[in-house]
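A.B. asks: On the provided structure of chain F, position chain G with the ligands as indicated by the hints.
Protein chains in written order, with the UniProt record's numbering: chain F, 1 to 312; chain G, 1 to 670.
Just so you know, nobody snuck in bad clues.
Okay, the calculated bits of chain G under chain F, using three or more residues with CB under 8 Å as the criterion: (1) 55-68; (2) 86-94; (3) 102-108; (4) 113-125.
Here are the simulated PhoX-like cross-link-like pairs (lysine-lysine), alpha carbons at most 20 Å apart as the crow flies: (5) G:LYS126 / F:LYS221; (6) G:LYS139 / G:LYS91; (7) G:LYS139 / G:LYS202; (8) G:LYS83 / F:LYS221; (9) G:LYS488 / G:LYS547; (10) G:LYS126 / G:LYS150; (11) G:LYS415 / G:LYS437; (12) F:LYS221 / G:LYS150.
Hint data in this document are derived by calculation from the structure and do not stem from the laboratory. No residue lacks a Cβ here, since even glycine has one placed at the ideal position from N, Cα and C.
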Amino acid sequence: MFEYLLKRLSVSLLVVLGSMTIVFIIVNVLPGDIAQMLLGDTISTEKANELSSNLGLDRPLAVQYWDYITDVLQGNLGSSYVNQSSVQHTLLINLPSTIELTLTSSLIAVIVGILMGIAAAVYRDSWIDSVIRIISLFGVCTPTFWIGLLLIFVFSVHLHWFPAIGSGGLSHLVLPSVGLGLSGAGMLARLVRNSMLEVLHKPFVRTLRAKGIRESTIIFKHMLRNAVIPAVTMAGMIIGEMLAGSVVTETVFSRQGIGKIIVDAINAKDIPMIQGAVLLTSVFYILINLLADISYMYIDPRIRKMLRPSTQ
Amino acid sequence: MGTLLKLNQVSIDFNTRQGPLRAVHHINLEIGTGEIVCLVGESGSGKTITSLSIMRLTDYEGAVISSGELMFDGHNLASLSQKEMQELRGKRIGMIFQNPMNALDPLFTIESQLVDSILTHRRVTKPEARKLALELLQKVGITEPEMRLKQYPFELSGGMLQRVMIAIALSCDPELLIADEPTTALDVTIQMQILQLIRELKDTLGMSVLLITHDFGVAIEMADRIAVMYAGAIVEQGPARKLITAPEHPYTQGLIRSVQSYHSHSEGLYTIPGSIPPLQELPTGCRFHPRCAFASERCRQEEPVLALTREQHQVACWNTAEAGQAFAEYATHKETAAPINNLAALPAEDDLLVDIQQVTKTFPLRGSLFRRSKKAVHAVDNVSLRIYRRETLGLVGESGCGKTTLGRLLVQLEKPTAGTITFDGQDVSSLSDREWKELRRRMQVVFQDPAGSMNERWRISEVIAEPLHVHIDLNEQDRMARVKETMKLVGLNPDWHTKYPHELSGGQLQRVCIARAIILKPSFILLDEAVSALDISIQSQIVNLLKDLQRELGLTYLFITHGLDVVRYISDRIGVMYLGKLMELAPAEELFTRPAHHYTRALLDANPSMDPDHHAQSSISDIELPSPIHLPTGCRFHTRCPAATERCRTEQPELREIRDRHWAACHHPL
Ligand code: SF4
Ligand code: SF4
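Only chain G is shown next, with the shape it has when bound in the complex:
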């Protein structure tokens, strides 16, 4: 296998007002012909800017390749002019990006964007290009390709758009495809379809793929080789399988243990302490040393470089022997530890806190001037759900399933179209404003985007103290004492109370949001994708914090997310939603080990695992999610269900208890 691309000692700097800022430092990376290499790293690791540098798109992002060579088939890409690069881009190297929803020009049709790309690099006539465009759409598995060609980007779903992006990237048979987080913005069942497509196309076209991802699960699914980046440097790289089973760099080990501990049910998730340093404040010596359990004096002084430790496997660490040993011990211990699966350990179902009864929420579509539209989006359709005191109820589902709307209904951010919601015996919709305000003290919310949910001009102490102003009167001193006490509780240094939000990292900001939520000592917290945007090493810290707080303060959680691993770990029971309907409700372990609904099965199958022997798969057909305006008759899932029968198409299944505390809405449960 020949080498197609070789990055040799490449460094990339951002041009800032204070001078150049090193984003990527002396990295070496090789991609062979027909190989899939995954670049794995958390945010701020420099993986995206590395991928842009190969296309020399860094020039447009205020960054420069300050040293090193990028050898692509005998040319040093770093020394080509933009003009020469233009010839290469889209022709020999194709690229797809993270969010397909905004990666295409909204004002041009799919056809025109495909044809442009073909005509730029191929000597064909316009009609020929049109024919090629159609063939390309067929090749990437788009349904009704003729119609799609005439459509505009906003008319296609995310999954379809990513297929279009792939079609564009492949339009000139490139030798290298760079995919920067291609599935991060997509739902898990769609993610699997896209990954499968990339792999199939790679095999048939014989191209190489550089896949950038933050998700080890995706990397294991796809990669021949994996390179792990941390704070601008590659710390470890080697053949995928060995890298996962026997990582030698403490950072890689930490990440893998974090991910795996979601499945282990040990007391608390494994976490890497601290957070990724900002580029301006890189530590001396090994850039990981402030967070490393094996750090020695040498690590603080001298920077380790990548060195071969075993066949094709390079690590940048001074203490690989020790670290490798420790991981081996962990691995054997893990094998022997049996997973717990104990229904008796669940919280008692006698102390009802939240009772959602037959709640429906429809959003009417705006009609025209002359006739009222009868159409409506059925966001939540006749859902009944009970949450018991001190339990965590997880709610999962893909985008548009109604999980977020259900949460908003619960805290009265939205009024139900039908049905009742009772909180601690009180019907929330019948409360007066004063009674509701009183009740609201006891139900708090934490959202996904911590920075967006606070006023950036307020000090941390003001952000956290905000509910105190609204709900109770305290004098300045007592309030400050309460704030500091709460900060300690969520693991924030109380001396930071004078800081502003922009001075904190994402993980710290989420702690601030949690502090704000618990300062009034609520009994219930709605966590809406509260940890979804966080890097894995930070995510596990926050999940641990949430668990600790629950124990200490006797909290009840409704945990809404699309992340299957997290929800399994944190929840006592889990509800699965699909197109506004509750499809399945079961204790967490039961749901994951013995799913009864075909949709749940499909979700679990599509979830990339950390097991290199187990491949995630897409067990449902490639059909897109139906629109919530034109819902399928009968079972909502029948258009995609592999077990659908005639009955499923006509008769809507009711939610019924099929096993002990295991409910499913399916005519033919698994």
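Chain F extracted, bound-state conformation:
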């Protein structure tokens, strides 16, 4: 078990390093002179060159890459090209709001998705199943920004139930989370429905009935637990999706957060900020998947024991 975790962790670290490298390459091969872009067209080439050397942009790429990696390893993400503020600091301030959104939308996705999946499986081929199928299809197929706009249109412009944009209290969180969560819920619902139906025909369900166990216990204790095993890996992915989706959603709802920072930084060609934000998101993404794997082990004893060193 410990060995397995160690292995997974080292792989994760490699993935982080990989994503850092890819981002580094992408932002550095962007066409155009960065200093020139930062300063605008009216500035002379000398000025631009001066800025370049100040920022260290005139050094060879390999050196820049090496410095970047060593800085990150020392916990230094650099400072913004735009306003010289510390990247760590900016990210840290904005992190809570993104985590908030990711968590609430993931929660919605997981809870609603699993419940819809169960209901669809238990009442398969009835109208309940059909309605759920339509909702999931809608959630999966519709882009999140469009759902977001739709929600704003209905619930704030028309009904005035929730604020349309901005960050703040719980009420600001509802629409973005629902909009974002719906797509994940759709995916999960379909998965859970299918795996519930698969479990339904497993011989052990027949045994449970033959034992006289109550149908509700069979569904919620036994079938669900077996059915969520494939869903757990998926849930990891979905939470990751939510994280990625928050980039778009934060923009649509003009919310504060990492997503907005990334968009702004891209527009401003603020390379340290882009790199920092991407690094942070990939670390999160990987952590979430690691967590999903661990809970997977927790649920399935077969995997747990397989990983334990043999005692025989």
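C.D. replies: Quick look at chain G with the ligands alone, frame taken from chain F:
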């Protein structure tokens, strides 16, 4: 003896898109207190759905009890609500199922599944339930019960799991135990142990047992009374012994004669022609008439109902007198026919086709990141075996003995870790790809699951012609001619070449597989459990076909199976494997009449026979099969052998010839 359960004119329908489909028609069945009743039938006979209907589990399988009563201790089970049934299930009626490997929830421990069952029906506290669970495991004879309680289903063997299932079913002292094919998925030595356990528990607890099986041998071992089902109806029922010795329904007679003919060495096995009709296409009148030798005009028109023919014995047939007479004649004739036991009749051992020399195959276990695992599964360990031209070599053994791996090594589906395999003078492992492809034409394979081994979207003709594409070029016309000719050879109607696999029955599909195997005119066919999944009446047809083909085409067979009766009938010589080792090798009759190895003896003892006076028994201890990773030292069988000595524990016995052409690897042969 009072009646505990009485099925009165019960009919069961499946709900299908095309409307209700009758699966079971007007059956009457009684089970007395303390009685074991066996419901015997082939697949599609409706025996399983009948057993589920008693628990009203049919409701969950898309079926309904459409008419009749199921009287259990004064209640009509058919009219109870699911809620009321829930009270009964697991408490007064317990049930165990066919495949114990997937009958338990994989995510919960044995303890939690036992305790759940106890707490559902008994007013006890959780600690008390835990104690009861432990006692139950002891009662069903599980070794190291404390440890087992903490384990998960995947950590237990099939035999142990079936014991756990029995423990669960018995947790609330039910009055009736329903066992649906409880030993079909288990090895023969384990089967006997489980059957013995059921019988012992029945005696001590005084419960009744309804045992569902396809195996007449098991039924005879266990039953007080037997009911035979065919295509959804009970065709005959009565006290077990008389039913076996003097059956009156032509179907029962046919089945019994089929089974018995495996031991008779007559020319060909007795077979019932045709196959079981699908539910949608039941014939008019007597549902057996298209396959019945006694069918008369009346049989085609009018459906016979169960009628008393002698004491406690009911038959649904219009012509019982004639049929009974015919069977009596057969029975007397059988008594006088002496079994052949002739070594000289064996194929000459001069024409070597396959030579397996000291072949070993180990599968390394996956190690962890930091250290390579030194452990390995020893699937086949230093086995030498020769197969002579035109003979059938049988290879038997229980699961995990390595017989299938040996077959796979032979046809290069697996590469040996050590040793050589020579086919017709050529070392197969040293061949180039082209040479191997050439050789492969002459060695073909037929597996257990015919449907799984063909593309379901191909027409039959395409399936059969497949090897022709790979190995030789023929024009379309010649290929079709070759396909049709081969179809005729295996007893398939050549006009069926445009059909798809799902339109054929299991027996017909296996004929397709055989056709595909012989179309290239091979000299050798590996038959890996090729008839094991088939119903007895179909199995004998296929075995006959294989024998005929062997004679006509001069084929050599390696026949791998766990079925002892079949292997005895079809083989010239038989090898017995245990945990990767060849334990005994002898001519078929010699092996069955004078086994030398203690393991062979145990296998034969455990095999249920058709003789009501002879009880199968388990002559080896209840100890589980050792794992192929941690093999016993010395003789691999010593942990279970009744004759094991100190020498057996330390020194591995070599295979040696103890009698003429009879080889055994044992220090103290029988
Ligand atoms: S009723 Fe007729 S067809 Fe049916 S089993 Fe009897 S003799 Fe055969
Ligand atoms: S060698 Fe010993 S343990 Fe093995 S079968 Fe013979 S008597 Fe039994």
